[in-house]
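Colleague: Each chain is listed here by its residues.
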Amino acid sequence: MEGMKILLVDDEEEFVKTLSERIEIRGLKADVALSGEQALKAMDENLPDVIVLDLKMPGMDGMEILRRTKKAHPEIQVVMLTGHGSEKDENEARRLGVFEYLHKPVDLESLLRTVTNAYKNKFKSSMVAVSFA
Amino acid sequence: MNKCTNKEVAFFGKITAGITHEMKNVLAIIRESSGLMGDIISISPEAIVKHQEKIQNSMVRIKDQIERGIGLTDRLNKFAHSTDETLSKIDLREAIEQLVTLAQRFARLKHVVLKTMTPDHEGPPVTLVTRHVQLQMALFASLECCFTVLSAGGEINVGIRKLEGKNVVNVVCKGDLPGQSEFVRNISESENWPALQEIAACLEGSAKLDETAHGIVLSFPDEIRR
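So the sequence lines, in the order shown, correspond to chains A and B.
Residue numbering for the first sequence follows numbering that gives the first Met the number 0, beginning at 0 and increasing consecutively.
Residue numbering for the second sequence follows numbering that gives the first Met the number 0, beginning at 0 and increasing consecutively.
What the hints contain is simulated information worked out from the structure, not anything from laboratory work.
Take these hints with a grain of salt, some might be off.
[Unchecked claim] Cross-link-like lysine-lysine pairs, in silico, DSS-like; alpha carbons within 25 Å at most:
hint : chain 1 : residue 1 : chain 2 : residue 2
1    : A       : K87       : B       : K53
2    : B       : K109      : A       : K40
3    : B       : K109      : A       : K28
4    : A       : K16       : B       : K23
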């Protein structure tokens, strides 16, 4: 999965920065955004393959970022990682096209398996789009 | 289940969901910090020396998050015990401090700073005999009313004083605020305003708008009739 670009979005700075360090120890690259606004800015500069996104954040929340991302870049895969356990939110995220909806705290290996599957899905989706073109 | 009980259940659900969400973040940080230490240790004995600073930082983070978790569970525990008795003797200052702490996450999500005007433990206790659960509901409803008029960067200050034998709580909004008439209209049209009126009446008190100060004035008696 070399070359896979991951964007981690969470307002819990200590969580997201430590997660990024652990991912980088495994030879992957993970950028960090601490708010929805920062995430959109980061996407303008460098499109990620997979976004790991918190749901409840000050300002623009995860659901709005998911909505905007899927509208502008449907190929980007989004994994929601949240401490918010509402079934209503999970259903809404799935309706908007989230790849997976995970609950905090999550085991890193399990998160990376999901992120890798999301990355593979990105190319599978692109191939389907090309074959229909 | 009657209408009043439904509202109490909804209030408890909202507060506990907010606090447990914070607890999940605490646990997530502890998990990742201990995981990072484990990652470094498993690389090689040399890596432990090379990444000593990261290990030390992780240990500090874990210690800080344990303290944060203890604080949260302590508040949540006190909150849960507020249902022990229908009527109880409470320290209003402590009740405000408790509610302000519980509501921090809701303020943060609105980009609003929430604080008490009198720092913790300052001033004499203000004791009243009242319905603790409803008192917390009234305080929280007044904060929710303020959230509707405040924009990002705003501030809410909560303070208490004795006035003509009544225990008065001032909830004051600061920041980029609408004019006085718009402030009054926005708050009185917010969905939380009728609920606040209802709870204040249930506590034999009142909730009024103070357009000059851009705030809400809650008033409670020393003791409510049983």
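Colleague: Does each hint hold? Answer for all of them.
Modeller: A quick look at each hint next to the structure:
1. A:K87 - B:K53: The given pair, whose Cα atoms are some 39 Å apart, is violated under the 25 Å limit.
2. B:K109 - A:K40: Given pair K109 (chain B), K40 (chain A) holds - Cα atoms ~21 Å apart, limit 25 Å.
3. B:K109 - A:K28: Between K109 (chain B) and K28 (chain A) the Cα gap is close to 31 Å, so the pair fails against 25 Å, i.e. violated.
4. A:K16 - B:K23: Judged against 25 Å, a Cα distance of about 16 Å means the pair holds.
Comparing the model with each earlier hint shows violations of hints 1, 3; every other hint is respected.
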